[in-house]
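Asker: These are the residues of each chain, in order.
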Amino acid sequence: MTSTVSSVDTTAATDPGAAADAAVAAILDATVRPAPGAPRGVVVDSPPGAGKSTLVVRAAQELVGAGERLMIVAQTNSQVDDLVDRLASKAPELTIGRLHAADTPPTAEAVRHPNVTASAKPGDLLALDAVISTAAKWQWVRDVEPWRHAIVDEAYQMRSDALLAVARLFERALFVGDPGQLDPFTVVGTEQWSGLSHDPSSSAVVTLLAHNPAIRPHRLPVSWRLPASAAPLVSEAFYPYTPFHAGTGPGDRLLLPGGRADGSAVDAAIDEAAEYGWALLELPARYTVRTDPQAVAAVAATVRRLLDRGVLAVSEQGRRPLTAERIAVGTAHRDQAAAVRAALLELGVPVDATTGPAVAVDTANRLQGREYDVTVVLHPLSGRHDATAFHLETGRLCVLASRHRHACIVVARAGIAELLDEHPATDPVQLGSAVRIPQGWEERIGGEVIPLLERVGAQFPDGWEANHRVLAELAEHRVRL
Amino acid sequence: MSLLSTLARLEAVRSGRAEPLATVRHRHLSERPMVLVPLATAAEDGAPLAVLLGTDREAPRLHLVPQPLNRELRTEFLAAFADDLLPYLESFAEAVELIEGSEKDPVTGEKTPVTRELCADAPQLLVPNAGAVRHLALIGRATRFRRTAADPDPGPHPAPARVPLLGRWLTHLTERAQVPGSSMLLPMTGLLARHWATGQSLLEDQHLAAQLAWHHPPAGLTGAQAAELAETARDEQGQLLHPPAGPATDPRFDEKLLAPAIARFDAALTARRGGPGTGAPGTVEACVEQLRALLLGVLLPTWSDVWSGLELLRALPPAAHLPERWEGDRWSYTGHRDRLAAGEPPQPRLDDAVTAARKLAQREREQARLDVQEALDDPLAMAERRLAGEAFAAEVVEVVLDHDTSGRTPRPRPLLVLRTADRPHAEVGREVHRIGAPSAQKGRIAAVEAEQGLVTVRLLSGMGRRRDPEPGTLPEPGERVLFALFELTPRQSAPLPEPDDTPWTHGGPPSAVRNSTAVAEEWA
Amino acid sequence: MRVLSVTDATLASTMNVSLAEPARRLAALRGAAEPRSLDARALAALAANPGCRRRALLDAAGVDKGAVAGRIGNPAPFGRSPFAIARGTVFEARLKADGCAALLAPLRRHLGLPPHDDDRLATPDLLPGAGPAVRAARTAEALAEAVKASLADPRSWTLLDHPMLRLTVAGAPAFLEPDAVVVHGGRCTVVEIKSFPVLDGSADPAKVGAAARQAAVYVLALQQAAGVDGGAGPYADSAAPGAPELTVLLVCPQDFGQRPTAAALDIRRELATTRRQLARMARIEELLEALPPGTSFDLAPDDAGQPTRPVEELAQAVDSVPAAYGPECLSACELGFHCRAQARDAGALTRLGRGVRADFGELRTVDEALGAAYATGEAAEETTERLRRAARLRAEALTEAAR
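Chains as they are written, first to last, in this note's numbering: chain Z, 438 to 918; chain S, 3 to 526; chain E, 14 to 416.
Rather than coming from a laboratory, the hints here were simulated on the basis of the structure. Being a predicted model, the structure only gives us computed values, none of them experimental. Treat the hints with caution; some may be incorrect.
Stated by the list, open to error - Each computed DSS-like pair below joins lysine-lysine, with the alpha-carbon atoms no more than 30 angstroms apart:
id: 1; chain 1: S; residue 1: Lys258; chain 2: S; residue 2: Lys444
id: 2; chain 1: E; residue 1: Lys220; chain 2: S; residue 2: Lys361
id: 3; chain 1: Z; residue 1: Lys574; chain 2: S; residue 2: Lys113
id: 4; chain 1: E; residue 1: Lys161; chain 2: E; residue 2: Lys109
id: 5; chain 1: Z; residue 1: Lys558; chain 2: Z; residue 2: Lys489
id: 6; chain 1: Z; residue 1: Lys558; chain 2: S; residue 2: Lys444
id: 7; chain 1: S; residue 1: Lys106; chain 2: Z; residue 2: Lys558
id: 8; chain 1: S; residue 1: Lys361; chain 2: Z; residue 2: Lys558
id: 9; chain 1: Z; residue 1: Lys574; chain 2: Z; residue 2: Lys489
id: 10; chain 1: S; residue 1: Lys444; chain 2: Z; residue 2: Lys574
id: 11; chain 1: S; residue 1: Lys258; chain 2: E; residue 2: Lys161
id: 12; chain 1: Z; residue 1: Lys558; chain 2: Z; residue 2: Lys574
id: 13; chain 1: S; residue 1: Lys258; chain 2: Z; residue 2: Lys574
id: 14; chain 1: S; residue 1: Lys258; chain 2: Z; residue 2: Lys558
id: 15; chain 1: Z; residue 1: Lys527; chain 2: Z; residue 2: Lys558
id: 16; chain 1: E; residue 1: Lys109; chain 2: E; residue 2: Lys220
id: 17; chain 1: S; residue 1: Lys113; chain 2: S; residue 2: Lys361
id: 18; chain 1: Z; residue 1: Lys489; chain 2: Z; residue 2: Lys527
id: 19; chain 1: Z; residue 1: Lys574; chain 2: Z; residue 2: Lys527
id: 20; chain 1: S; residue 1: Lys361; chain 2: Z; residue 2: Lys574
Kindly generate the complete structure, drawing on both the sequences and the hints.
Answerer: This is the structure in structure tokens:
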């Protein structure tokens, strides 16, 4: 995850709705009606479920309303398809182009709308109000007039080098993203550039802000997704410098398990989560392989019981039964997700969304940006001997702990707190040559400039600390299996 | 560390000897490599102390700095090092192949044929360990901006012209060493660790002698015992029997032997400068000879270790894709040769945004290519992918002919029913590629019955242009086939702007000032 | 830097019994030898392998682990080259020359002060020749004065050269000596001087990391002194007067020369870790409880300084405290080679690296793992099943290549 410090503080407003509206109005103003001499970029930090997608739709509508055409950049094909689908439904007046690669056609949901045109050739789409594609596809677009406006969605997941390749396509851009999610990565060594303001492997927003100090990130101050039970913890553990609030109050979201608890620990955990929004279903301490069969079984059993007990989810959106597609299971590794899927199938729980409503079972990377009523999380450190940087990565835990509208049930082996204590963060520290020399410091001393360097890439909040913080909360809601 | 390589390490623990991690050699080895063992002094970060080099195992040449803090002596050392190494590096510049290609005119789009030179071979430097690579990079950084007498402003201490040239070559070689699969500059510890597992950790494998000890432990000793002797055994004077492979020397060697020898040299030099008649004639030379003997003593064991490692590697059959990857190294060498000839300035201190992004793209592309090629060349590397669920071996149970009739002419879309004992991450709809097909063959997973180990693949290509598959393009029932869930040809990298077109998001075109080379270098 | 731990009789007598008891027992474990200081290496390693009880106990007792390791036949291979020592000395001397001119320049820059304001700079005498307790008291006094003066006049500032800070670790006082502390605007900033270079704006990340961890200990000591409790969470900066800044200054040679450059290091993360680690040191009492009676690490040297305690007895004492060996220990702990030998004898999987065990579940030894991998019959366990699949694939590949 990436930390930036926002300067626009709208948390002072007491009414979350008003605070959010004020923030959105300011962002739209800066995007659609930039002041003369204003920076060419507008950056919006959005915590989980803070209305990022709504903002993107409104910005697109207003830009088109002002007579502009725009391009939209998202990071993955499924993000692009989701965005096309949403934009086409919410803004039927827009003509939308879905630019795709020849060998990856868009999903049926994306192209079912009459106002959507899909093509692998940019030339077919140039006259449309908005053209949407992935950064990877945009990089190959050439011989077009640059757009006046662009929206870059999930900008914190975009790598700096991808932005370098697409920035020629637009004059101004609105960058929207969640700084708390997983940072982009690469499989090769990039040490030689760490510290450079344009490190190609860092997040696009980090590079943008380093080179455009006049850009002050805006921020959406209210999470409409996270319930009142989760927002304070997620804010404090993962967004300590840019706190946010829940858009709903305690009691606005209710999870009502039907039927009777069968006396099992699984049901007790479900009841705990229904009551408090969090539950820790704890298995006895044991070292296991990643696909710990007992933990996997506990996850599957929890999902099965959630469906069997006829849980009712009550929220500002009304009352609806908790069905399979409103539940997600989050894991750290793909093999864990595969094991959970297999275990769920055994229990007769659908897990394949292409064949009907199904429970989403996926890794943190793939659950980014998604929203469910209830999530069941296999804790990344459960049963491990060691806590590696991968498992401690702040963004991973943040994604897993912030996908739910009602409740999150974490399944883990006992002993994680001790494991954390034995694996403190002793990561190397990089100095930056991307010197952020404050104004007026450029003076020479004794004829020599002595620049002041700063530590870069300091991951705040630290994953180790965030893990401790989340564990402390979960410990209050422990049910032993 | 993957489970398979851990398993090999466990076997090495049990057998007491190194166990194979590869069945073929995955790096190109030159006919005439240059072995180079550098030493650094602890007195200044990365400052050179000595280097032992040569292409003949029996005839290593030693260069040293008698007093590492003396900048004149250091420059003399660098000049001698350059005079020794550069002829080898330059000796590959003459013999070239002519490669026919075409160039597209950016304006008219017209293609014109061009002929490019590609050097027929390239140099190869072998060093003991990764520390030596870093040390050479540091020397490159410290010397490539050195001003020479030929500069308009030569400064107070101009260096011989060959010194900055050495710096530029070392910079090029150490940069290239960052590219996965490249072979122009290779550390022996890494080479051995890629091909064999020892019964110790990766960390301990960085000690060249300890790693080698697992290959031929003395009679009666296990690999672990031999490795420990190599790490710790000392003589009566407290000196290591097997000195570390550098670039740092053993602190106790520094204290007991090196420091006194340097002090004697200093004293002799002072005495000589004291004027005529002071200091016995030849004392300075004698002191240098002493230092030479001392340093040769700690360098020779490593020198022969690198050559022993080379022998082990040469005994492995070369992987099939080596010439293809070595061609990349040859292009890299040719490109640097041309830049030098064109009089381009030395590599800048820091990469600009576009250069950094290009290098990253190249490294990612080459990493993908290396992963695929190693898997194709070596069943052990493929086993890694199979265990990870990224590939699977299977027996063909049934071939069902089928067609896509949506187009004007029906196209063959046969189904292969496969039985596998592997556990691929096979989800329906996932793209797969058949390994060993007569021509590139793509398919999609159509059905999976994990319990029975059955996977059904619909083949989409590689069957010719007719209605029915060309003979030989389909496997027969009972045949063993291999499918990969990863692409067999890495994707091209997207185009990046020219540095002069760096966009506003990345600070605009880089200023020339930032990477200026006019900064006074105190180091050398 | 130097850190001195003290079990000074006069200090002990002024402490209450519950604190003094473990300290006394620890002193007894060490015997008559001079207490080994908790130096930079010890502190950094404390954070690197806090799960190791052997190391925690021996460090807390101030035992000379190097001497113990030598006596039991696995001497630590550590040493510092005289050249490296000379290099550090030369750099520091250069910084301190001409009234610290070279050091003050980057400090002024950091604090935003104009050059040549020597009249506003105080450099109090911190009694460098005195004992640690006296020096700590003198530092506390000078620090309080400096804070007061800097609050009275925002342009005035103070450089404390090698102050002595006191920190309570595991119930016993430890004395720490940072290179310098600067006081300005009511806050103090820790200054760390290191002789590794910053080349083209970046430095060896491992070394910077170690420096950050070390500096965090000083900041913690200064927080204790200023009465900051840290309960507000790791990211909160208490702006109380006298409280240390959570950013420290690292001063290093630039590029290939001896010219200093300064880097600002945000150490909040290291501070959080260190605070938790030192709090855990309280568990030393539990470790003491678990020791067999009569355990001692006292080498009991004779008049000539030769250790007299039998090797076997000493080895037994060492082995009575469990260790958590991993290959990283070889370069971080004097007992590394001893613990490795033990891990090898026991056939522990961790000899191959700490991360290795992730694939082996509850299997602990090489024999168990190989046994499981090559056994025949149905695999009952997920771990075993995967191991066998790996073993089968490996065998298959090797056979295929041999053909």
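Asker: Can you give the numbers of the hints that this structure goes against, from lowest to highest?
Answerer: Going through the list in order, the structure violates hints 1, 11, 13 and 14 and respects the others.
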